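Student: Sequence order for the protein chains is W and G. For the first sequence, the positions run 1 to 646 when this note's numbering is used. For the second sequence, the positions run 1001 to 1286 when this note's numbering is used.
Please note that the accuracy of each hint is not assured.
[As the list claims (entries may be wrong)] Only part of the chain G face toward chain W is listed, based on derived beta-carbon distances under 10 angstroms: (1) Arg1035; (2) Asp1040; (3) Leu1044; (4) Leu1101; (5) Ala1132; (6) Gly1178; (7) His1187; (8) Cys1196; (9) Gln1280; (10) Val1282.
[Unchecked claim] Here are the computed lysine to aspartate or glutamate pairs in the EDC-like style, where the Cα-Cα straight-line distance is at most 16 angstroms: (11) G:Lys1076 - G:Glu1026; (12) W:Lys106 - W:Asp69; (13) G:Lys1214 - G:Glu1115; (14) W:Lys106 - W:Glu76; (15) W:Lys357 - W:Asp389; (16) W:Lys357 - W:Glu378; (17) G:Lys1095 - W:Glu614; (18) W:Lys201 - W:Glu224; (19) W:Lys430 - G:Glu1078; (20) W:Lys201 - W:Glu214; (21) G:Lys1123 - W:Asp608; (22) G:Lys1123 - W:Glu614; (23) W:Lys357 - W:Asp58; (24) W:Lys106 - G:Asp1188; (25) G:Lys1095 - G:Glu1078.
[As the list claims (entries may be wrong)] Covered stretches of chain G, going by a simulated chain W footprint (3 or more residues, C-beta under 8 angstroms): (26) 1085 to 1094; (27) 1120 to 1129; (28) 1171 to 1177; (29) 1237 to 1249.
Calculated directly from the structure, the hints in this document are not laboratory data. Computed from a predicted model, the values in this text were never measured in an experiment. Here a beta-carbon is modelled for each residue, glycine too, at the ideal position from N, C-alpha and C.
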Amino acid sequence: MDLHFGDSKPTDEEREAVDALLGPPGSAWETAFGDAAVRSDADLRWARGGRAARERRDLLLPGLHAVNDRVGWISEGALDYLCRRLTVPPAEAYGVATFYSMFSVKPRPATVLHVCTDVACAAKGSAELCAGVEGRLGPGSGVSVERSPCLGLCERAPAALVVRAGAASGPDAAAGGGSGAAVGGGSGAAVGAGHGSVAEKPYATAVIAPATPEAAVLAASAPEAAEPEPAASLAVPQAGQPGLTLLRRIGVVDPASLDDYRSHGGYTALRRAFELGPAGVIREVTDAGLVGRGGAAFPTGVKWKATASQPDHPHHLVCNADESEPGTFKDRVLMEGDPYSLIEAMTIAGYAVGAHKGYLYLRGEYPRALQLLGNAIEQARARGLLGDDVLGQGYAFDIEIRRGAGAYICGEETALFNSIEGYRGEPRSKPPFPVEKGLFGKPTAENNVETLVNVLPILTMGAEAYAAIGTEKSTGPKLFCVSGSVERPGIYELPFGATLGELLGLAGKPENLRAVLLGGAAGGFVRADEMDIPLTFEGTRAAGTTLGSGVVLAIDDTVPLPRILLRIAEFFRDESCGQCVPCRVGTVRQEEALHRIAERTGAAAAGDIALLREVGRAMRDASICGLGQTAWNAVESAIDRLGAYE
Amino acid sequence: MTAIPLGVPRRLVEFTLDGQEARVPEGATILDACRAAGKDIPTLCQGDTLTPKNACRVCVVEVEGARTLAPACSRKAEAGMEVRTDTERARHSRKVVLELLASSVNLSTTPRAAEWIKEYEAKPDRFGPDAARVDEEPRVDNDLYVRDYDKCILCYKCVDACGDQWQNTFAISVVGRGFDARIAVEHDAPLTDSACVYCGNCVEVCPTGALSFKSEFDMRAAGTWNEAEQTETTTVCAYCGVGCNLTLHVQDNEIVKVTSPHDNPVTHGNLCIKGRFGYQHVQNRD
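Build the full structure now, drawing on both the sequences and the hints.
Tutor: Structure (structure tokens):
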């Protein structure tokens, strides 16, 4: 590998941010080629780095986060320094940095206010929120306002998220901040006052939902002083009710306390797993009939068995917590309300598939989940529930959290691997499947949060009792994310087989319900008179729709449907990775056609609808991954089932 | 072309191709089998010297039992597979993909594109006059080659050739996302400020003319480029002892560009800056 670095230098602040992650550089070659003052005699004889450094390429994304968290954007000097430390070609790192929406390679203010404009928030007035915020925060305000895809706060729409770059808060933060200020003041003219003030202010985030323009602006000016978020249990209207399985601890346990988790039945499932042995765990999960809850509904037992039986080692476990489907927020509520259950479930899954390392890929827009899961992992490690000898059983397992940086596509399982590995989050072609060649080219089992959390009741109640819940083909309890025009939005747990009407009855169905978006942007619409659709995989399939990730977004007749469809098309155009032609260009053509017919119906729209059908069919057939394959579903169902544009 | 290369014998995989029995060595793709059987499947991003990225999706075929179509260029033939290459469904996707491409970029210098557009009755104009196009000015920032984004279909071949598949220089990458994704060097700088070593191997593999020799670019602009009048002579590079093959493209007794035969077992079409661009001394007649 012949690497070429430019002569742009990092500021002291950027260098500190990277060194805090990677440790101090081992050789002058890693710091700045040509900087004779720091070169030692040893540096003149050999350069350390090489393969050892290249094998740390997966630290590229954490490195970009480190710089972005500290400074607010990623300069040429910072990127080149990071590349030097990891021996990553700068062109590739630039390709990665520009892939994610939470990063910027152009100067911007240290404070970024993300305002959600996605389906649920759009229905609750995000347009007015954006206008109000932008009216108050003009240029020069030191805050960059960015329209964001779904922030996963749909039950409290409209939502906003403030991220303020700054020094990591902690004992060593003061020293780092001081030297950063001197450099920032000198070179940061383009960023203006925002840059200089970074050093005095620590990194902070604030979630405001439901947001008013006043509250959002106030939080943007002082995120550390923003009102704390309401407890996660408030997103669970059934919290505390008897009969819950997956949600039974939410609102009951203290999410920060391992002892409290254990006093509420925590870690009994892991003990049972050790009694059963890995093959026994897989047998229980298979017999329970558990299928993946992320949308694809693949049998979990089959996936685990296939991974466990691969001769190639090491095996990996990946928890997909990159929940970015518009309208989905169940994984966030689980992680915020009961974080230890995910840690325990990942340990069991890792044990079953023979993995010693689990990666928890968490979407970048969930600061509270990040903090709570980080705490849970630390506590579990301190108490011997993670580490070299879990529960004294001689099994080594540990979990590392990886933060996403704003890319819906990274929820696709193979794109997620690329993202962790430090490449652009583009999906890989399958076959080979992840169970054979997944993360780092090794056998990998990847499950989403809700799927993993289901393993706990399977082990504590037994496969038979679990399989008795729900229907024959869709077993167990299921979480639904109910949002939009309902009285009590939130996460609901029901056994598979309940009808859509029963679910909406719980949530407070509006009188003037027009349609329900099932499964999120990649799902489909159903009509208000289709309330008897059973909420099972087979039942929704028979009704010509899908359960997807469990989104139930109610839309009443005051919400303009063409605007919602346009928003869905915009979402896919923005989130397409751009790798394959049907998706890269098809999503653009779909949006253009919907713009043309936004105000039209009948014959005036017919030509464009025919065009949409043709493009949509090719996207479904020929796209590489699920994003392109499902990008036309919702619009198609709105045309066919709701008679949009008639 | 034969689907059975010389070398270590490999097991044969038997499957059905358009209802006919087909036998290809293990590891061969559906496209290899199609070509061996004399079937013409359109391909854009597939190249003979690189692992296909299967990004263009113009070679899709129908595999019995699969939910979606499969790219023939990279899906390996499996025993018992039933493949159909010319179904209505596959033809529909190819047609739409050609329309999507031709409506967003300029395929005028893409070999066979016009022929396929006609064959599949693709109508790129039907997305309307306001359909988004790449529409960017060519970037001319050095004397050796030109980047014309208006012709780029993002096939990733140049990235692969510059990266770990051939050159190991890693000077270019895909940057940005979605329709805004582009091939670029670090920080989107001019080529002269990048890691580029001007081997021209990216130009060699570019299937659309988005990367072209400055000589060709200038002659096309002046209207003097005439491939019909060019002769091609393959010779040995005189610079060093490796012995790379050069194919000199000569028009009006002037070398207008240099390529290299892809079937050369040593270089597979790769050259260095000297072999690719250092030819002026041969025709210095002062």
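Student: It remains to establish, for every hint, whether it holds in the given structure.
Tutor: Cross-check of the supplied hints:
A hinted interface residue such as G:Arg1035 counts as satisfied when its beta carbon comes closer than 10 angstroms to some beta carbon of chain W; here the least separation is about 20 angstroms, so the hint is violated. Violation of the interface hint for G:Asp1040 is found here, the shortest Cβ-Cβ separation to chain W being roughly 19 angstroms, above the 10 angstroms cut-off. At its closest, the beta carbon of G:Leu1044 sits 9 angstroms from a beta carbon of chain W; the interface hint therefore holds under the 10 angstroms criterion. The beta carbon of G:Leu1101 is positioned within 10 angstroms of a beta carbon in chain W (closest approach about 6 angstroms), and the interface hint is therefore held.
The restraint placing G:Ala1132 at the interface with chain W holds, with a minimum CB-CB distance near 5 angstroms, inside the 10 angstroms limit. Hint status for G:Gly1178: holds, given a least beta-carbon distance of 4 angstroms to chain W, under 10 angstroms. The closest approach between the C-beta of G:His1187 and any C-beta of chain W is roughly 5 angstroms, which is under the 10 angstroms cut-off, so the hint is satisfied. Taking 10 angstroms as the C-beta cut-off, the interface hint given for G:Cys1196 holds, the closest approach to chain W being about 8 angstroms.
Interface hint at G:Gln1280: violated, since its Cβ lies 26 angstroms from the closest Cβ of chain W, which is beyond the 10 angstroms cut-off. Annotation: G:Val1282 was flagged as interfacial toward chain W, and the flag is violated, the nearest CB pair being 28 angstroms apart, outside 10 angstroms. A C-alpha spacing of about 8 angstroms is found between G:Lys1076 and G:Glu1026, which places the hinted pair at or below 16 angstroms, so the restraint holds. Between W:Lys106 and W:Asp69, the direct Cα distance comes to roughly 14 angstroms. Compliance with the 16 angstroms bound is thereby established for this hinted pair.
Distance restraint check for G:Lys1214 and G:Glu1115: the Cα-Cα separation of roughly 27 angstroms exceeds the 16 angstroms cut-off, and the hinted pair is therefore not satisfied. For the given pair, W:Lys106 sits about 9 angstroms from W:Glu76 by alpha-carbon distance, which is consistent with the 16 angstroms threshold. Between W:Lys357 and W:Asp389, the direct Cα distance comes to roughly 13 angstroms. Compliance with the 16 angstroms bound is thereby established for this hinted pair. Under the criterion of a C-alpha separation no larger than 16 angstroms, the hint pairing W:Lys357 with W:Glu378 is consistent with the structure, at around 15 angstroms.
At most 16 angstroms may separate the alpha-carbon atoms for a hinted pair to count; G:Lys1095 and W:Glu614 meet this at roughly 10 angstroms. Only pairs whose Cα atoms come within 16 angstroms are accepted, and W:Lys201 paired with W:Glu224 is accepted, the gap being roughly 9 angstroms. Taken as a hint, the W:Lys430 and G:Glu1078 pair is honoured in the structure, with Cα atoms around 14 angstroms apart against an allowance of 16 angstroms. Among the hinted pairs, W:Lys201 with W:Glu214 is inconsistent with the structure: their alpha-carbon atoms are about 22 angstroms apart, more than 16 angstroms.
Among the hinted pairs, G:Lys1123 with W:Asp608 is consistent with the structure: their alpha-carbon atoms are about 14 angstroms apart, no more than 16 angstroms. With a CA separation close to 12 angstroms, the supplied pair G:Lys1123 and W:Glu614 stays within the 16 angstroms bound. A hinted pair counts as satisfied when its Cα atoms are at most 16 angstroms apart, and W:Lys357 with W:Asp58 qualifies at roughly 14 angstroms. At most 16 angstroms may separate the alpha-carbon atoms for a hinted pair to count; W:Lys106 and G:Asp1188 meet this at roughly 12 angstroms.
Between G:Lys1095 and G:Glu1078, the direct Cα distance comes to roughly 27 angstroms. Violation of the 16 angstroms bound is thereby established for this hinted pair. A count of 3 residues in the segment 1085 to 1094 of chain G with a Cβ less than 8 angstroms from any Cβ of chain W is obtained; the coverage claim is therefore met, three being the minimum. Beta-carbon proximity to chain W at under 8 angstroms applies to 3 residues in the segment 1120 to 1129 of chain G; the threshold of 3 is reached and the given coverage holds. Check on the segment 1171 to 1177 of chain G: 7 of its residues sit with their Cβ under 8 angstroms from a Cβ of chain W, so the three-residue criterion for coverage holds.
Counting residues of the segment 1237 to 1249 of chain G whose beta carbon lies closer than 8 angstroms to any beta carbon of chain W gives 0, which falls below the threshold of three, so the coverage claim is violated.
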